[in-house]
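Enquirer: Read left to right, the first sequence gives residues 1 to 271 (our numbering).
Treat each hint with caution, since some may be false.
Think about it this way: if two alpha-carbon atoms lie no more than 30 Å apart in a straight line, the pair counts; the simulated DSS-like pairs of lysine-lysine are [what the hints assert, rightly or not]:
#1 K46 - K32
#2 K63 - K44
#3 K44 - K32
#4 K63 - K46
#5 K32 - K63
These are calculated hints, taken from the structure and not from any lab test.
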Amino acid sequence: MPELPEVETTRRGIEAHVSGQIIAAVEVRQPKLRWRVPPGLSRKLKDARIDCLERRGKYLLFKTSSGTLIVHLGMSGSLRMVVDGAPPQAHDHVDLRLGNGLTLRLRDPRRFGAVLWTRSDPLRHPLLAALGPEPLSDGFDGAWLRQRAHGRKAAVKTLIMNSRVVVGIGNIYASEALFLAGINPARSAGRISARRLHGLAAAVKQVLEEALEQGGTTLRDFVNGAGEPGYFAQSLRVYGREGEPCVNCGAPVRARVLAQRASYYCPRCQR
DNA sequence: AGTGCGGCCTGTCCGC
DNA sequence: TGCGGACAGGCCGCAC
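Can you build the whole structure from these sequences, using the hints too?
Expert: Below, the structure is given as C-alpha cells:
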C-alpha cells in the first residue's frame with residue numbers, strides 16, 4: 001500500500017480542495033471494502049462541513065462538523081479530486097461530492113482499504129487507539145526503539161513494521177531504512193546494540209523524509225490527489241533490486257522472505 | 001505477551 | 001494464446 005509518504009502526499013494534495021467544503025452528496029458504489037462501509041454514511045455526511053484533513057499513521061481523518069470520516073488506502077487505494085460528473089472507472093468505490101464542483105474519489109482495486117465513521121475522538125477508535133508514535137515526531141527515537149526491541153526475538157524488520165511500535169513503515173521503507181542503518185533485516189530485534197538502534201531510528205526518519213520530498217513511491221497503483229505518480233521509486237536503494245549491485249559496495253542485493261513479506265538487503269553491508 | 005499464519009480482494013506476470 | 005499459480009505497497013484476528 002501506500003506507506004506513510006504516500007498517505008501524507010495524498011493528504012497534502014487534496015487538503016486545500018476539501019477543507020472548508022460542504023459535502024453535497026456521498027455515493028458508495030461498492031461497500032465491501034476491508035470492512036463494510038457504514039450503511040448510513042451518506043445520511044451522516046450530507047451537508048456536513050469538512051473542517052480539516054489530518055493523518056494518523058496511514059489513516060486519513062476527515063474531520064467534519066458531525067464526526068470524522070476515517071479512510072485507509074490498504075494496499076492499492078488512492079484518493080483523487082475529479083470534476084463533478086466525471087464517469088467512474090473500474091474500482092472507483094466511493095465518491096464525496098463537494099460544494100466546490102469537485103468530487104473526492106476513492107479507487108481501490110484490491111479493496112483492502114477502509115472507509116469508517118466515528119462521532120467521537122478518532123484517536124480513540126479501536127483501530128487507532130494503540131498505534132505507536134509517528135516516525136517523524138520526537139516521540140520516535142532510538143530510546144523508544146530500544147525499549148520496544150528489548151527482549152524481542154522477532155526480526156527487526158518485523159518490529160519496525162509493527163504499527164504498535166511505530167506507524168507508517170511498510171514493506172518498502174522497512175527494507176530501505178535497514179539498508180541505510182546497515183542492519184540485516186532478519187536480525188533479532190533484541191540483539192541489536194543501542195547505538196545501532198539509534199542509527200535505525202535516524203535512518204527511518206531519513207528515508208521517509210526523502211520519499212516525502214519525491215512525492216512518495218509509485219510501483220503500480222499509487223497516485224497523488226491530482227492523479228500523478230510519486231518519484232521515489234528511482235531512489236530505492238535495495239527494494240526490488242534483487243541481483244543488482246549494492247549502491248554502496250557492489251555486492252549483489254539479496255532477497256528473502258520474512259514474515260511472508262519480500263525483504264531486500266545487501267549481505268555485505270547489512271549485518 | 002510475543003509470534004506466526006490465514007485471510008481479505010483484484011490485477012499482473014511468469015512458466016508451461 | 002490460454003491457464004494455473006505466485007506474488008503485490010496492509011494489517012486484523014486468531015491459535016499457539
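Enquirer: Please go over all the hints and tell whether each is borne out by the structure.
Expert: For each hint, the structure was consulted:
{"no.": "1", "hint": "K46 - K32", "in the structure": "holds, 21 Å"}
{"no.": "2", "hint": "K63 - K44", "in the structure": "holds, 13 Å"}
{"no.": "3", "hint": "K44 - K32", "in the structure": "holds, 18 Å"}
{"no.": "4", "hint": "K63 - K46", "in the structure": "holds, 14 Å"}
{"no.": "5", "hint": "K32 - K63", "in the structure": "holds, 23 Å"}
Consistency note: the structure conflicts with none of the earlier hints.
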